[in-house]
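S.K.: Starting from the known structure of chain A, fit chain B onto it as the hints suggest.
So the chains spell out like this:
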Amino acid sequence: MNFSARYGTLFGLAAIVALFSVLSPEAFAKSSNLINITQQMSLLAIVALGATFVMSLSEFDLSVGAVVSMAGIVSVSLFGAGWGIVPTIIATLAAGFAVGCISGFLVATWRMPSFIMTLAMGTIVGGITFWISDGATLFGNIPDAFRDMGRGYLAAVPVLTLWALGATIFAALILDYTELGRRMQAIGGNREAARLTGVPIVPSSVYAFGLCTLLAAVAGLLLTARLGSAHPTGGNGFLLQAYAAVFLGMTAFRDGQPNAAGTLLGAAIIAVVANGLTILGVPNYLQDIFTGLIIIAAVLVRNVGRKAQ
Amino acid sequence: MLQIDGLTKRFGGVMALDGVQMRVAAGRVHALLGENGAGKSTLLKCLSSVHRPDGGTMRIAGRAYAPADPHAAEGSGLRFVHQELNLVPGFTAYENAFVGRRYPRRFGLVGWREMRARFAAVRDRHGLDLDIDIAVGQLSTAKCQIVEILRSLMDEARILVLDEPTASLSEGEAEILRGVVRRLADHGCAVIFVSHRLDEIFAVADDYTVLRNGRTVGEGHLKDTTRDQIVALMAGEELKHERAAVPGKIGAPLLELSGFTPASFRPPLALTVAQGEIVGLYGVVGSGRSSLLASIWGANSLARGEIKINGKVLPCSGIADRIAAGVAYVPEDRRNCGLVMHHSVLDNAMLPRLSLYRAISKLPVLSWRAARRGVRKLLADRNVKYGKLSDRVSTLSGGNQQKIMIGRWFGDEAGLLLLDEPTRGVDVRSKAEIHAMCRRFAESGGAVLFVTSDIEELLMLAGRVLVMAHGRITLDAPNDAVTRQSVLDATFHAPDHGDLQKAD
Chain A
308 MNFSARYGTL
318 FGLAAIVALF
328 SVLSPEAFAK
338 SSNLINITQQ
348 MSLLAIVALG
358 ATFVMSLSEF
368 DLSVGAVVSM
378 AGIVSVSLFG
388 AGWGIVPTII
398 ATLAAGFAVG
408 CISGFLVATW
418 RMPSFIMTLA
428 MGTIVGGITF
438 WISDGATLFG
448 NIPDAFRDMG
458 RGYLAAVPVL
468 TLWALGATIF
478 AALILDYTEL
488 GRRMQAIGGN
498 REAARLTGVP
508 IVPSSVYAFG
518 LCTLLAAVAG
528 LLLTARLGSA
538 HPTGGNGFLL
548 QAYAAVFLGM
558 TAFRDGQPNA
568 AGTLLGAAII
578 AVVANGLTIL
588 GVPNYLQDIF
598 TGLIIIAAVL
608 VRNVGRKAQ
Chain B
21 MLQIDGLTKR
31 FGGVMALDGV
41 QMRVAAGRVH
51 ALLGENGAGK
61 STLLKCLSSV
71 HRPDGGTMRI
81 AGRAYAPADP
91 HAAEGSGLRF
101 VHQELNLVPG
111 FTAYENAFVG
121 RRYPRRFGLV
131 GWREMRARFA
141 AVRDRHGLDL
151 DIDIAVGQLS
161 TAKCQIVEIL
171 RSLMDEARIL
181 VLDEPTASLS
191 EGEAEILRGV
201 VRRLADHGCA
211 VIFVSHRLDE
221 IFAVADDYTV
231 LRNGRTVGEG
241 HLKDTTRDQI
251 VALMAGEELK
261 HERAAVPGKI
271 GAPLLELSGF
281 TPASFRPPLA
291 LTVAQGEIVG
301 LYGVVGSGRS
311 SLLASIWGAN
321 SLARGEIKIN
331 GKVLPCSGIA
341 DRIAAGVAYV
351 PEDRRNCGLV
361 MHHSVLDNAM
371 LPRLSLYRAI
381 SKLPVLSWRA
391 ARRGVRKLLA
401 DRNVKYGKLS
411 DRVSTLSGGN
421 QQKIMIGRWF
431 GDEAGLLLLD
441 EPTRGVDVRS
451 KAEIHAMCRR
461 FAESGGAVLF
471 VTSDIEELLM
481 LAGRVLVMAH
491 GRITLDAPND
501 AVTRQSVLDA
511 TFHAPDHGDL
521 QKAD
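Residue numbers (the working numbering), protein chains in the order written: chain A, 308 to 616; chain B, 21 to 524.
Just chain A, with the same shape it has in the complex:
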């Protein structure tokens, strides 16, 4: 794999940043705005990193948006019921992890298409979330110490940015430095070859889906901490953007494979474009069109590059 294929997407991000810096030197290029972007992209990055696990299996988990919403509602409800911070976080993460484990188990054991299976799972989770919340935005009495997890700065770096960096390192370690990660990628590369080589398909899949929704639940908790409230559909918007970030990331660093650093880069591209266009006063619907075009362009560039090899 040559240099331009490996780092092309990174240069793409640099070019986009340079372009916005020229167009809006005083607002976009200010260091405070750039730091702000890292905060804006952090939750998307965390959800997308989770999706990277499932994508490395060559599967999809379409329940991630619903799990983000669920985590918010569950945590605020537990706070409302008088739970402490630590038990609430543990219970919420466990719920998130469980959703993925169930999906992973069903997908791996019964060979159900993950696309449909997790769409159903997301619908169920969404229903449960509505049930718990009665469809209302929940405020409850969220402890300040919990809220601090999603706001404020640590040595001039937003806390959320640190969470995203931590999640990236976590995902990179799992994918590249554990036996589980190698097995997940082998299954994604060739399921039958992996099976006949003795790779345990079901446990590996359960973990991949579980880690995916676990990170979605982390994002849901952080979203709630930052907003100080939870909405039953508050996280649903992350779904498509998260997969967009993973796809963009597959064009970077590795030869078309999902990878943690690439996903972070993908989330950054989406966030920079959104931020830059907003500063330039471009309406929302045009931003969506731009984001879509960037994804198409990235995939095209990758395919053309592959053919040239």
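Just so you know, the hints here were simulated from the structure itself, not pulled from any lab data. Just so you know, these numbers come straight off a predicted model, no measurement behind them. Heads up, the beta-carbon is just placed ideally off N, CA and C, and yes, glycines get one too. Hints may contain errors.
Unchecked claim - Once the Cα atoms are required to be at most 20 Å apart in a straight line, the calculated SDA-like pairs of lysine to any residue come out as:
(1) B:K408 to B:K382
(2) B:K382 to A:L487
(3) B:K408 to A:R313
(4) B:K397 to B:S410
(5) B:K332 to A:R313
(6) B:K382 to A:E486
(7) B:K408 to A:L487
(8) B:K408 to A:R561
(9) B:K65 to B:D244
(10) B:K382 to A:D483
(11) B:K65 to B:M35
(12) B:K408 to A:D483
(13) B:K269 to B:S464
Said to hold, decoys possible - Among the chain A residues that face chain B by a calculated CB cut under 7 Å, a handful are:
(14) A336
(15) S338
(16) D451
(17) A493
(18) E499
(19) T504
(20) I508
M.R.: Then chain B, alone, in the frame of chain A:
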């Protein structure tokens, strides 16, 4: 019909073709021979327009031939049937035949009746027996190959190129296919036939061209030559074919099957393989040999009966138990069941034994440094040729891929090695190396049980010969007690009445 002179093709610094000449006559079957990497595929790709030659000329019926795209190749009367089948499994034979072709129309819609009639006419013209109304997914591999050939013959073909058409077929099926090839030639078609099976070349082909290192090193009529001469031309040195020795001393039983059935409709089997043995399992496709091997590996959840390894009873399915007991399995289909083709050499070589490369022995965390060091040594020991560890495994030759698939399972410890067609589509030199690997393994106290469709390989490698037919073991004898004739006899052993009923 086809005349090639001085053809050259360079890839980077490598001369893939370095002055190839070839004359193919109408009405004759022409064998294109050579080791893997000799330039056969490159030559065929020049013919099919995938590659553009750098120099030399190609002529068809006297007219210069330089195809720009596959349509041009087709327009000149060339047809290609590749080793891998390109059929839609859910389509019938005639639906497949019209994929990529102009459909007959009736009132602007697809004319199904005419489609079927046109395909049936081609089938009957060549006097073939083929059910064209069932999905090709339900046909045997040989029949699928015949569908591929018929598809290529839908319009007038002057030159038919068959790239290892019998590689995945058993002896009986290959025989049928060779009959088809013979008939096509008799109808005036020029057939270029690529195969690694020399017995078959001598059975079906009239003329030959041998390539070595991108050059034509020999051509002529097969009746004027011998197989030893051909092999010598291909290898560049005389290779001796010897029969495998029957081992004098055999150790304790390593694998014991009793009342073991790979699937409910198969008859129960008993089989013992002892330490130090190399056992070859021969049979036609569908005789149950591959499914027996996969069942021993625990990959088949329908298996029933008793299986013991090293004297320990194992559950009928479950791959992890086999690995723990020191068994390894290498499937036949490298691309789909063996390797993750777009992953690196390193990833593929370390996959079965990830825990060898841990950073800390108690934690499932990898050390890439340990992995690279370990895999480099493993590949060097197995004489695997590769560029970089990070190269895709798909960039390696079939022989090197196969050496990785076998070699990645073992260090020095002995165990049971299950190999399904260990040298299919592999060049002569790698084949010899893989055989040597098996022999070393058996000598060090392990045992090898391999499936093959190549009777030559069976007799060269196996100290003990097994033949399966209709799910039964019809022959089990030491190498020095069998002949080609007795092996084939057992292969075409008539099924018992009970077998047929069970097979329903």
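S.K.: Answer holds if the nearest beta-carbon of chain B is closer than 7 Å to that of E499 of chain A; otherwise answer violated.
M.R.: Hint holds; E499 of chain A Cβ to chain B Cβ min 5 Å, cut 7 Å.
S.K.: Would the stated hint for T504 of chain A survive a check requiring a Cβ distance to chain B of less than 7 Å?
M.R.: Holds - the Cβ of T504 of chain A comes within 7 Å of chain B, reaching about 5 Å at its closest.
S.K.: Sort out whether S464 of chain B lies within 20 Å of K269 of chain B, counting only the CA atoms.
M.R.: The given pair, whose Cα atoms are some 12 Å apart, holds under the 20 Å limit.
S.K.: Does the interface hint hold: is A336 of chain A within less than 7 Å of chain B, judged Cβ to Cβ?
M.R.: 38 Å, violated
S.K.: Checking one constraint from the list: CA of K332 of chain B to CA of R313 of chain A, max 20 Å. Satisfied?
M.R.: 50 Å, violated
S.K.: Does the alpha-carbon distance linking K408 of chain B and L487 of chain A stay inside the 20 Å limit?
M.R.: It is violated: about 25 Å lies between the C-alpha atoms, which goes past 20 Å.
S.K.: Does K408 of chain B pair with R313 of chain A here, judged by a C-alpha cut-off of 20 Å?
M.R.: The given pair, whose Cα atoms are some 17 Å apart, holds under the 20 Å limit.
S.K.: K382 of chain B and E486 of chain A: Cα distance at most 20 Å?
M.R.: Given that 20 Å is the threshold and the Cα spacing comes to 12 Å, the pair holds.
S.K.: Given the hint that K408 of chain B pairs with K382 of chain B, test it: the Cα-Cα distance must not exceed 20 Å.
M.R.: 30 Å, violated
S.K.: Are the Cα atoms of K397 of chain B and S410 of chain B separated by 20 Å or less?
M.R.: 15 Å, holds
S.K.: Go through the hint on S338 of chain A and say holds or violated, using the shortest Cβ distance to chain B against 7 Å.
M.R.: The hint is violated - S338 of chain A has no Cβ within 7 Å of chain B, the shortest such distance being about 36 Å.
S.K.: If you draw a straight line from the CA of K65 of chain B to the CA of M35 of chain B, is it 20 Å or shorter?
M.R.: 15 Å, holds
Hint violations for this structure: numbers 1, 5, 7, 9, 14, 15, 16, 20, all remaining hints satisfied.
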